[in-house]
Amino acid sequence: MELILVPALITGLVTGLIALGGVVYTQRQAAAREAEKWARDQAESAAEHERQRRLWAKDHRFKAHVSFMAEHQRLRQWISIYTNVGVPGTEVPGIDWTKDLLAKLIEVELLASAEAAIAARRLLAATTGLRDGSVGAAMHAEDAFTEYRKLVQRDLELDETQLPTWRDTATTSPQSETRP
73 MELILVPALI
83 TGLVTGLIAL
93 GGVVYTQRQA
103 AAREAEKWAR
113 DQAESAAEHE
123 RQRRLWAKDH
133 RFKAHVSFMA
143 EHQRLRQWIS
153 IYTNVGVPGT
163 EVPGIDWTKD
173 LLAKLIEVEL
183 LASAEAAIAA
193 RRLLAATTGL
203 RDGSVGAAMH
213 AEDAFTEYRK
223 LVQRDLELDE
233 TQLPTWRDTA
243 TTSPQSETRP
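Going by the working numbering, the first residue of the sequence shown is number 73, and it counts up by one from there.
Calculated directly from the structure, the hints in this document are not laboratory data.
The structure presented is a predicted model; accordingly, all values stated were derived computationally and were not measured.
Treat the hints loosely; a few may be bogus.
To be verified - Mimicking DSS-like on lysine-lysine, the simulated pairs with C-alpha atoms at most 30 Å apart in a straight line are:
{"hint": "1", "residue 1": "Lys171", "residue 2": "Lys109"}
{"hint": "2", "residue 1": "Lys171", "residue 2": "Lys135"}
{"hint": "3", "residue 1": "Lys171", "residue 2": "Lys222"}
{"hint": "4", "residue 1": "Lys222", "residue 2": "Lys130"}
{"hint": "5", "residue 1": "Lys130", "residue 2": "Lys171"}
Said to hold, decoys possible - Label pairs and their in silico Cβ distance ranges:
{"hint": "6", "residue 1": "Glu106", "residue 2": "Arg126", "range": "17 to 23 Å"}
{"hint": "7", "residue 1": "Gln234", "residue 2": "Arg193", "range": "22 to 28 Å"}
{"hint": "8", "residue 1": "Ala175", "residue 2": "Ala102", "range": "55 to 61 Å"}
{"hint": "9", "residue 1": "Gln124", "residue 2": "Gly205", "range": "46 to 52 Å"}
{"hint": "10", "residue 1": "Gly208", "residue 2": "Lys130", "range": "31 to 37 Å"}
{"hint": "11", "residue 1": "Ala119", "residue 2": "Asp204", "range": "50 to 56 Å"}
{"hint": "12", "residue 1": "Val96", "residue 2": "Trp128", "range": "45 to 51 Å"}
{"hint": "13", "residue 1": "Pro165", "residue 2": "Glu214", "range": "50 to 56 Å"}
{"hint": "14", "residue 1": "Gln124", "residue 2": "Val159", "range": "45 to 51 Å"}
{"hint": "15", "residue 1": "Leu92", "residue 2": "Ala119", "range": "38 to 44 Å"}
{"hint": "16", "residue 1": "Ser206", "residue 2": "Ala119", "range": "52 to 58 Å"}
{"hint": "17", "residue 1": "Glu120", "residue 2": "Pro165", "range": "45 to 51 Å"}
{"hint": "18", "residue 1": "Asp172", "residue 2": "Gly205", "range": "17 to 23 Å"}
Using N, Cα and C, we set each Cβ at its ideal position, and we do this for glycine too.
Please construct the entire structure, taking both the sequences and the accompanying hints into account.
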């Protein structure tokens with residue numbers, strides 16, 4: 073009887089070890105699959121986060137650029153009415169008449185490319201020069217605006233039709249609450 077018990081015991085131990093080995097192997101494979109799935113999910117999450125960040129940044133850059141251009145156009149129309157047309161009741165530009173444009177320039181400089189920020193600074197300088205009412209200053213401002221607009225279109229990957237046309241968007245008073 074002892075001779076039969078020993079081989080049965082050895083067979084039972086070998087079978088148990090093989091089963092235990094199978095369980096360990098299965099657990100390792102499952103852990104490897106889980107690790108691979110987790111890494112893939114993390115990569116997808118990081119890619120989605122980056123895509124969302126880029127969309128957010130592009131949206132904020134777009135808003136900053138449009139706000140800056142709208143303020144320039146508002147000031148340009150206002151100063152044109154003040155210097156060239158002379159509409160009675162048009163507010164006289166104060167010493168800080170471009171302060172809102174300067175505030176918008178800071179936002180543009182934070183969000184825009186270096187070239188667009190430089191072009192925006194040039195546009196601010198050209199806008200400030202409009203106060204003398206000369207044709208040369210108006211032409212310089214128009215050229216600076218065109219240069220800036222082209223850089224904005226390039227930076228934001230927009231075509232001409234995706235930016236406002238600026239017709240009838242400016243007001244005649246810098247204190248107006250209905251700014252574009």
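For each hint, the structure was consulted:
1. Taking the CA atoms of Lys171 and Lys109, the gap is near 54 Å; set against the 30 Å cutoff, the hint is violated.
2. Under the criterion of a C-alpha separation no larger than 30 Å, the hint pairing Lys171 with Lys135 is consistent with the structure, at around 18 Å.
3. With a C-alpha separation of about 24 Å, the suggested pair Lys171 and Lys222 falls inside the 30 Å cut-off, and the hint holds.
4. Using a Cα cut-off of 30 Å, the hinted pair Lys222 and Lys130 holds, with the two alpha carbons roughly 16 Å apart.
5. For the hint linking Lys130 to Lys171, the alpha-carbon distance of about 25 Å falls within 30 Å, and the restraint holds.
6. At roughly 30 Å, the beta-carbon separation of Glu106 and Arg126 lies outside the given 17 to 23 Å, and the hint is violated.
7. With their beta carbons about 24 Å apart, Gln234 and Arg193 fall inside the hinted range of 22 to 28 Å.
8. Checked against the hint of 55 to 61 Å, the C-beta distance between Ala175 and Ala102 comes to roughly 58 Å, which is consistent with it.
9. For Gln124 paired with Gly205, a C-beta distance near 47 Å keeps the hint of 46 to 52 Å intact.
10. For the hinted restraint 31 to 37 Å between Gly208 and Lys130, the CB-CB distance of approximately 36 Å keeps it satisfied.
11. The beta-carbon spacing between Ala119 and Asp204, approximately 53 Å, falls within the hinted interval of 50 to 56 Å.
12. The hinted range of 45 to 51 Å is satisfied by Val96 and Trp128, whose Cβ atoms lie roughly 47 Å apart.
13. At roughly 19 Å, the beta carbons of Pro165 and Glu214 sit outside the given window of 50 to 56 Å.
14. Look at Gln124 against Val159: about 47 Å separates their beta carbons, and that is inside 45 to 51 Å.
15. Distance hint check for Leu92 and Ala119: the Cβ-Cβ separation is about 41 Å, which falls inside the suggested range of 38 to 44 Å.
16. One distance hint, 52 to 58 Å for the beta-carbon pair Ser206 and Ala119, holds here, with the actual separation near 53 Å.
17. Range check, Glu120 to Pro165: about 48 Å between beta-carbon atoms, so the 45 to 51 Å window is met.
18. Restraint check, Asp172 to Gly205: a C-beta distance of roughly 20 Å satisfies the suggested window 17 to 23 Å.
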